[in-house]
Amino acid sequence: MSKQLKALIAVSLRYSNPQVTDRLRKKGRKNLSLAIINQYLLSGLIFLVIYGSMLFMTNFAKMPGTFTYFATLFSLLGLSQGVSVIYNIFFESKDLGSYLPLPFKQSQIFIAKNIVVALSVVPFIIPLLVLFLLTSLKSGVNIFLAIVLSVVLFVVVLLILFAVCSLIVFGLTRTKVFQKHKKLMTTLLLWVTMGLVIIGIMLMNRDSADDYLADRNIILPLLPLFHIVHAPFSSSGLLSLAGVIGFLLILAFLVKWQILPQLYEQVTTISSTDQVVRRVHKKNQNLAQVLRRYNFELVKNPTLITQVLSSSLIFPVVFIATFAFNGDFNLSHLPLKFAGVAFLSGIILAFITINQTSFVGNLISLDGENYSYMQTLPISRKDYLVEKFKTGLLIQGGISLILSLATGLVLKASLLFLLFFVVGAILGTILLSQFYFVRDYRLLLVDWTNFSQLFLRGSGRVGLIFMMWGSMIIGALLIGGYILLLNIMAATLVNSIVAVVIVTISIGLVYYYRHNFWQKLDQVSWQRKIELARQKKMKG
39 MSKQLKALIA
49 VSLRYSNPQV
59 TDRLRKKGRK
69 NLSLAIINQY
79 LLSGLIFLVI
89 YGSMLFMTNF
99 AKMPGTFTYF
109 ATLFSLLGLS
119 QGVSVIYNIF
129 FESKDLGSYL
139 PLPFKQSQIF
149 IAKNIVVALS
159 VVPFIIPLLV
169 LFLLTSLKSG
179 VNIFLAIVLS
189 VVLFVVVLLI
199 LFAVCSLIVF
209 GLTRTKVFQK
219 HKKLMTTLLL
229 WVTMGLVIIG
239 IMLMNRDSAD
249 DYLADRNIIL
259 PLLPLFHIVH
269 APFSSSGLLS
279 LAGVIGFLLI
289 LAFLVKWQIL
299 PQLYEQVTTI
309 SSTDQVVRRV
319 HKKNQNLAQV
329 LRRYNFELVK
339 NPTLITQVLS
349 SSLIFPVVFI
359 ATFAFNGDFN
369 LSHLPLKFAG
379 VAFLSGIILA
389 FITINQTSFV
399 GNLISLDGEN
409 YSYMQTLPIS
419 RKDYLVEKFK
429 TGLLIQGGIS
439 LILSLATGLV
449 LKASLLFLLF
459 FVVGAILGTI
469 LLSQFYFVRD
479 YRLLLVDWTN
489 FSQLFLRGSG
499 RVGLIFMMWG
509 SMIIGALLIG
519 GYILLLNIMA
529 ATLVNSIVAV
539 VIVTISIGLV
549 YYYRHNFWQK
559 LDQVSWQRKI
569 ELARQKKMKG
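According to this note's numbering, the sequence shown holds residues 39 to 578 in order.
If you're looking for bench data, these hints aren't it; they were derived computationally from the structure.
Where is the CB? At the ideal position from N, CA and C, for every residue including glycine.
Heads up, some of the hints might be wrong.
Said to hold, decoys possible - Restricting the straight-line Cα-Cα distance to at most 25 angstroms, the calculated cross-link-like pairs of lysine to aspartate or glutamate (DMTMM-like) are:
{"id": "1", "residue 1": "375", "residue 2": "407"}
{"id": "2", "residue 1": "338", "residue 2": "405"}
{"id": "3", "residue 1": "420", "residue 2": "485"}
{"id": "4", "residue 1": "338", "residue 2": "485"}
{"id": "5", "residue 1": "450", "residue 2": "407"}
{"id": "6", "residue 1": "220", "residue 2": "421"}
{"id": "7", "residue 1": "64", "residue 2": "485"}
{"id": "8", "residue 1": "100", "residue 2": "253"}
{"id": "9", "residue 1": "221", "residue 2": "421"}
{"id": "10", "residue 1": "428", "residue 2": "335"}
{"id": "11", "residue 1": "420", "residue 2": "253"}
{"id": "12", "residue 1": "450", "residue 2": "335"}
{"id": "13", "residue 1": "558", "residue 2": "407"}
{"id": "14", "residue 1": "428", "residue 2": "303"}
{"id": "15", "residue 1": "338", "residue 2": "425"}
{"id": "16", "residue 1": "558", "residue 2": "405"}
{"id": "17", "residue 1": "220", "residue 2": "335"}
{"id": "18", "residue 1": "338", "residue 2": "421"}
{"id": "19", "residue 1": "338", "residue 2": "253"}
{"id": "20", "residue 1": "420", "residue 2": "405"}
{"id": "21", "residue 1": "218", "residue 2": "335"}
{"id": "22", "residue 1": "558", "residue 2": "421"}
{"id": "23", "residue 1": "220", "residue 2": "485"}
{"id": "24", "residue 1": "420", "residue 2": "407"}
{"id": "25", "residue 1": "221", "residue 2": "405"}
{"id": "26", "residue 1": "143", "residue 2": "303"}
Claimed, not checked - Pair ranges (Cβ atoms, derived):
{"id": "27", "residue 1": "416", "residue 2": "549", "range": "29 to 39 angstroms"}
{"id": "28", "residue 1": "453", "residue 2": "300", "range": "54 to 64 angstroms"}
{"id": "29", "residue 1": "514", "residue 2": "64", "range": "31 to 41 angstroms"}
{"id": "30", "residue 1": "368", "residue 2": "544", "range": "51 to 61 angstroms"}
{"id": "31", "residue 1": "421", "residue 2": "368", "range": "12 to 22 angstroms"}
Produce the entire structure from the sequences given, and follow the hints as far as they go.
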């Protein structure tokens, strides 16, 4: 690897993680790039442990259909994330112009940026590495050879996914239709990709549990991967390996021939293309209506919408789709004593779907440079942020409502249980929205250039992974413990205790944020108070 490429990768890593870089500098760390890479490796290790424990009990060596099922599932997740992140890194970022006067080749910039993309996407497809390794070991392959083979095959699959995603994104953005209707085509690109992923998952889960008790139906396009890890030196294994590598070489040739020669021109053209939007001026709007409309405009970016939904909703959607097509579930006849479980499950659903990538957790920073400008207007900071929080809460509440209704209908819950579940989801949304809104204010970032910088603030990717998986694991334990107590103790006593705990925690959190955040927003500087008073007097 040349020194130029190393330097470019280091700059790209720091540029994509500005707050992590600043935090490491304050701690006196010298090799910042290595420290950032170590954080990504730690997150990957966490995923390896989690998925390894989940997949360990399955003997994939005797279940090629199940192997291809999981290989397809995680490949689809990687495809969805790859398209979104590649478009964001290349076409939404405004940093490419700064590379123009520097002595970098277009291929070096492409590789450096794709490494950043890889670090963002790998956590979603790291289970493939676990899948390959477990299958090799269960097939009796030597442990050293199994490790090397699994790592090499994982890298090859990763490169294939990136090549496919790059060809999709760069191929579509090159068309005149895309350049003429950038916003519409961007929306279609990202939403169609995510929609195909969800549809693919649903189709894979359309059989009942009895149909694949022994094994699932084999998905033929992914079967060569099974042959490679199951019997690498057999004729089928060697032919499969040659076919996979040949496919990668074809894709690499297409990338080199179609993308790299015009990388600068294409990215610069798309990034600088701004459609003229004619806005209808509405008269007689009060301040709240104006601010609400402004805040809704902030979240209309199709890349933002797709990245938020894919980061926070992809796992719940997969879960719902699996339950919908993976058997006959009917919760309509549950006893009344389990209504509290439905309420708690709704709260946990909010904890799973609302995190640092959510709309409400980034709405302040989405102002960008406008935030400083807003502070100069005759609007109190509290009024401004209250309206912004209301908008964020409305968006998150709508998402939670739709998701909770879909979950309840899929599980065929009774009307009463569905009501408890939805109300629990709304309560959890209110509590979590306050937490992440305050977090956004505390970690305010106005000079961001791509959405990944906003999503990785604070605890970074490791914290995001812990939050996502921790909420699911802890939620499952809480629900399981609640059901167990209802079955061994008096239901009235258990439900009463749980209700008191939930009400106490909810009131405590509302009071805490009211006292420590909302009320303190009134404490503006004396110069600002004088300015507001003068402006009010002049208007009077």
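Do the hints match the structure? See the list:
1. 375 to 407: Violated - the C-alpha atoms of residue 407 and residue 375 are around 52 angstroms apart, more than 25 angstroms.
2. 338 to 405: Given that 25 angstroms is the threshold and the Cα spacing comes to 13 angstroms, the pair holds.
3. 420 to 485: holds (22 angstroms)
4. 338 to 485: Holds: residue 338 and residue 485 sit about 19 angstroms apart, inside 25 angstroms.
5. 450 to 407: violated (47 angstroms)
6. 220 to 421: violated (35 angstroms)
7. 64 to 485: Satisfied, since the Cα-Cα distance of roughly 19 angstroms is no more than 25 angstroms.
8. 100 to 253: holds (8 angstroms)
9. 221 to 421: violated (31 angstroms)
10. 428 to 335: holds (14 angstroms)
11. 420 to 253: Given pair residue 420, residue 253 is violated - Cα atoms ~58 angstroms apart, limit 25 angstroms.
12. 450 to 335: Not satisfied, since the Cα-Cα distance of roughly 37 angstroms exceeds 25 angstroms.
13. 558 to 407: holds (23 angstroms)
14. 428 to 303: The hint is violated at about 42 angstroms.
15. 338 to 425: holds (17 angstroms)
16. 558 to 405: holds (21 angstroms)
17. 220 to 335: holds (16 angstroms)
18. 338 to 421: holds (23 angstroms)
19. 338 to 253: The given pair, whose Cα atoms are some 43 angstroms apart, is violated under the 25 angstroms limit.
20. 420 to 405: holds (16 angstroms)
21. 218 to 335: Distance ~21 angstroms between residue 218 and residue 335 Cα, so the pair holds.
22. 558 to 421: holds (12 angstroms)
23. 220 to 485: Holds: residue 220 and residue 485 sit about 24 angstroms apart, inside 25 angstroms.
24. 420 to 407: Since the Cα atoms of residue 420 and residue 407 sit roughly 19 angstroms apart, the hinted pair holds (cutoff 25 angstroms).
25. 221 to 405: Satisfied, since the Cα-Cα distance of roughly 19 angstroms is no more than 25 angstroms.
26. 143 to 303: holds (13 angstroms)
27. 416 to 549: 29 to 39 angstroms: holds (31 angstroms)
28. 453 to 300: 54 to 64 angstroms: holds (58 angstroms)
29. 514 to 64: 31 to 41 angstroms: Since residue 514 and residue 64 have Cβ atoms about 37 angstroms apart, the given range 31 to 41 angstroms holds.
30. 368 to 544: 51 to 61 angstroms: Violated: the Cβ-Cβ distance is about 31 angstroms, outside 51 to 61 angstroms.
31. 421 to 368: 12 to 22 angstroms: violated (49 angstroms)
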